[in-house]
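Each chain, letter by letter, is given below.
2 protein chains.
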Amino acid sequence: MMRPALRRLGAPTAALASSSLSAAAPSSRLLLSRAAAARPLLAQQRQYSFKPSAASTSQPQDIHPGSLTITETKTPGTLSKPEDLVFGRTFSDHMLTIEWNKDDGWTVPQITPYQNLSLDPATCVFHYAFECFEGMKAYKDAQGRVRLFRPDKNMERFNKSAARIALPTFSPTALIELIAKFAKLESRFIPADRGYSLYLRPTMIGTQKTLGVGPPGSALLYVIASPVGPYYPTGFKAISLEATDYAVRAWPGGVGDKKLGANYAPCIVPQREAMSRGFQQNLWLFGEEEYVTEVGTMNFFVALKNKETGAKELVTAPLDGTILEGVTRDSVLALARERLQPEGWTISERKYTMQELATASAEGRLIEAFGAGTAAIVSPVRSISWRGQLVDCGLKDHEESGAVTTRMKNWMEGIQYGEEEHEWSYLCE
Amino acid sequence: MMRPALRRLGAPTAALASSSLSAAAPSSRLLLSRAAAARPLLAQQRQYSFKPSAASTSQPQDIHPGSLTITETKTPGTLSKPEDLVFGRTFSDHMLTIEWNKDDGWTVPQITPYQNLSLDPATCVFHYAFECFEGMKAYKDAQGRVRLFRPDKNMERFNKSAARIALPTFSPTALIELIAKFAKLESRFIPADRGYSLYLRPTMIGTQKTLGVGPPGSALLYVIASPVGPYYPTGFKAISLEATDYAVRAWPGGVGDKKLGANYAPCIVPQREAMSRGFQQNLWLFGEEEYVTEVGTMNFFVALKNKETGAKELVTAPLDGTILEGVTRDSVLALARERLQPEGWTISERKYTMQELATASAEGRLIEAFGAGTAAIVSPVRSISWRGQLVDCGLKDHEESGAVTTRMKNWMEGIQYGEEEHEWSYLCE
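Sequence lines, in order, name chains D and A.
Taking this note's numbering, the leading residue of the first sequence gets 794, the next gets one more, and so forth.
Taking this note's numbering, the leading residue of the second sequence gets 794, the next gets one more, and so forth.
With the rest of the complex left out, here is chain D (with noise of 0.2 angstroms):
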């Protein structure tokens, strides 16, 4: 179905006669080799710059899933044996794709085989990080039905991430609506075991095509997907953090609440130097107060044995700017102000501080740690390193995961696998 907006871009005869105006060095085909033996080259590919044009009349338009086009790969990919899979790095048959550019809005939703993208080298994402994404998972339930688990949510930080950096946004129903139909073609990829899924990755790139600082004028919004295997496939292997303070991964009136590729490549090198002195994460300190932010890519929860009342919290930092709004995070408050707090438990959002943890460690409170995003559902830790002590975060030697992480993780695959009927579970249908 195509819409009189795009009409008037024409030309695509004269558009590909000029692809026969090819220049490649001889030495170049060794490069493209190496990159082509991973995945076919297609003649034809697309090219997601382009120059800014003159303001138009038309009136933008929000994404229109009945419009979606499919063209089915004729080269269907094999799959990777369960067992082989690694986070992210093999992919289904297909993308998604979506186009924006401010005359138009957003413009046709396309299904096509998974392919690379052509862009101009001045485009926009190469220079000034015009990029945010989602991490989402696509489940099999018991009857083979693909489930996705709170679209809306990431839905919902998806937009702010692209408003906040000037992209477009969207309607949050309509791209769900053509995710739901991208993870069921695939569905395929999606293991049937408990513990595996299609890792969903929606990606927002600015495609404009200047190195002029502003906001652009183009964009590509595309979701891929990759099939994942448990986090922990033998089980729950508990880690350990580095607390650090030298550099900031977040600060107030900054980005680090958005999922903006920009938080991330600056965590890379710190990430390297924790590994290097034999810790797997770094749990991210703020200020001179040195308060908890957030660990490695995840959210983190402690739990607290009151001093004097010996009563449970379980505390995890607020919404206050330095910390990613995660989906996990808001899921297991959620369920612990749903089934722990019966039980006795405070669940707190505030502030704490790494002293606050060491107090509590040393006195034998620190109950338990974790780590929480959609990659591992929670991730239960061991111990943090701080200004030279190792505290310990109330595992015993044993033991890989306290009792509530296990609990948590349950409660989380129960509804995620449609096991538990639940309002966060999103049946593709």
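Calculated directly from the structure, the hints in this document are not laboratory data.
None of the values given here were measured: they were computed from a predicted structure.
Hints may be right or wrong, so weigh each one.
Chain copies aren't distinguished; within one or between two, either way the pair holds.
In silico EDC-like pairs for lysine to aspartate or glutamate, Cα to Cα no more than 20 angstroms straight-line [to be verified]: (1) K1144 - D1123; (2) K946 - E1206; (3) K953 - E865.
Let chain D serve as the given structure and place chain A on it in line with the hints.
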């Protein structure tokens, strides 16, 4: 010249044969045509993403200018009229590319026709902002020779930026040699007139194809070139700034002192807000003290008169991690120390607050203010909006620039265009 490390990449024939597996959707032709109209589509596009590979025993190599291959375009572009040039919108005929991977190090440098980059949608540059860049210019002197300005400073910063986000570093002199060759090859794009130049954009992006968050195993360094006219074609035009505290560009321990893409996208919305109120740029304040850091995408200088002594002081913020280490900033400071200090000026890199500027302005002691950066060299400032007041920066109504600002521009241009013999000017031979 081919190096042994490259040989095993092999199988170019098979790779090219696979390019016939095209399966573009009919409707995607429309989208294709839009971009293709701007830039011819090359049938054999280079793919820069490749799969993470197992570790190799080969020794990573540095950039090797001697192995440069040049493939000149068969369809040279027409030159824009100098008066039509818009910053960063039109590009020269060629581009310089050098690929890196962790096994081989830097591979053969190539100058090829300017062309799109073909990248897997899972490439880390799109997701985690593995990208950094430089801004520099090539100038044509009175003898028609091509000159760079302090390229060693750009290379030093480029390496610092790359290292901060786990991208590879390189020999500064090797890349300068290649950039000089590239600039000479494109010299027809540099108009001979004063104020014109060829803006050079060295860029490095992570090209590894994985959604895993870690150090990229491969990268692409490329340089593109855009002919630019004088920033102020009809003479200086003073700008007005909005002092911004609700959004924070940089933070100690963050990456605001590096030239990363990550620092740019988050500044667009605040810039748009300032513009909506009639101010061309943000003046980024920091902390409760409201320290003045930098302006928009430039460093910031103010000329003040001492309240007691009447002595003149040229002030800019110190390199404390919250401001970019500007090459123009460094040059202005050096010229000021050499040429203003003997006239009685004090040259200061020190913290100063917005309140200090407002008080100086109210007392008639704010002599002038200007931004400093590669694009404009210096950009005079008329006023700063702060807490509902307009802080006057010392220009008379009929003036568009202060005396120091004008002298700086002339000194800098004199060196850049080779009119004054100076070690900062690098002759491309």
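Those earlier numbered hints the structure runs against, lowest number first: 3
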